[in-house]
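Could you slot chain B onto chain A? The hints should help.
Now for the letters of each chain:
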Amino acid sequence: MSAPINVGDRLPERVIGPFDAGALARYAEVSGDDNPLHLDDAVAAAIGLAAPPVHGMKLLAAFEPMLKAWRDDLVIAALGGKFVQPILRGETVTLSGRVLRASEQEIFVRLFAHGAARAPGVIGEATLRPAERRL
Amino acid sequence: MPVETSLEAPIALGPFRLRVDPARAAAYAREIGADEASVPLAYPAVWLAEPELFAKVRELCASLDVVPVHESQSFAYESPLVAGESYDLSVTLNREEKPPRLTLAASIATPSGAPCGRIETMLRLVPRAGFGSGS
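So the sequences go chain by chain: A and B.
So the first sequence is residues 1 to 135, counted in the UniProt record's numbering.
So the second sequence is residues 1 to 135, counted in the UniProt record's numbering.
The hints are simulated quantities; they were obtained by calculation from the structure and are not laboratory data.
Here the structure is a predicted model, which means the values were calculated and not measured.
Be a bit skeptical, because a hint or two may be false.
Said to hold, decoys possible - Computed list of lysine to any residue pairs in SDA-like fashion (alpha-carbon distance at most 25 angstroms, straight line):
1. A/K82 - B/P22
2. A/K82 - A/G8
3. B/K56 - B/V69
4. A/K82 - B/S74
5. A/K68 - B/V69
6. B/K56 - B/S90
7. A/K68 - B/K56
8. A/K68 - B/R118
9. A/K82 - B/P111
Next up, chain A with everything else stripped away, as it sits in the complex:
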């Protein structure tokens, strides 16, 4: 590892989106998740959403480039998250993270994806290891 990593360190925030209907359609096509909830305003409205929600997987996956940009001397061994509440089409998304555990062998990071709402849409976690170690 180059610079030391300490518990409590904050990762540089990354702002993504806003995602329009075209972006959601492209993700649906490439991922195979063609749930109309993400693509059809009427389906989203039927469950009380003002717009279709962004695929949770698209947001979770977006943590990977954020983590790689933070430390290119680490590799991501695990990435996961809970989809807590919808982040809607048209919302700007802020990705953030904080180091919860750190040793020479492993770094554990808590991750958040926030849309327009106060509460996070995705609460994630990642385990990273020095690049010289195998995953």
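Frame of chain A; chain B shown alone:
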């Protein structure tokens, strides 16, 4: 803390021989804002949407008249996926009653049997009435 109860014996599916399609991996990387030099950690989400695999989930949900809502997702790797290579995906489906939920636990291995990683997908099962359609 609520007690989680399993309804029936887990269902084993596969192994499914699946390939990391280089063009699709690159397209997936673009849609999550990642570079195209490596296979995205979340790429196996594409495999989970494969009709032969997801058919069992659809069938189960139809029989229960519920919609699966993606609640959480995780990926853990022992070695990175390589574009163009094929892998064997073995899946275990487990249904819980309280809360109503379907868990897909999958292992990824090379065709020679070397373990590469693990995936866990949790789907909350929501009554279809008033919901629309699910992923």
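Tested hints:
1. A/K82 - B/P22: With Cα atoms ~28 angstroms apart, A/K82 and B/P22 exceed 25 angstroms; violated.
2. A/K82 - A/G8: holds (21 angstroms)
3. B/K56 - B/V69: holds (15 angstroms)
4. A/K82 - B/S74: holds (9 angstroms)
5. A/K68 - B/V69: Violated - the C-alpha atoms of B/V69 and A/K68 are around 29 angstroms apart, more than 25 angstroms.
6. B/K56 - B/S90: holds (14 angstroms)
7. A/K68 - B/K56: Violated, at roughly 35 angstroms.
8. A/K68 - B/R118: Cα-Cα ~21 angstroms, so holds.
9. A/K82 - B/P111: Status violated; Cα separation ~31 angstroms.
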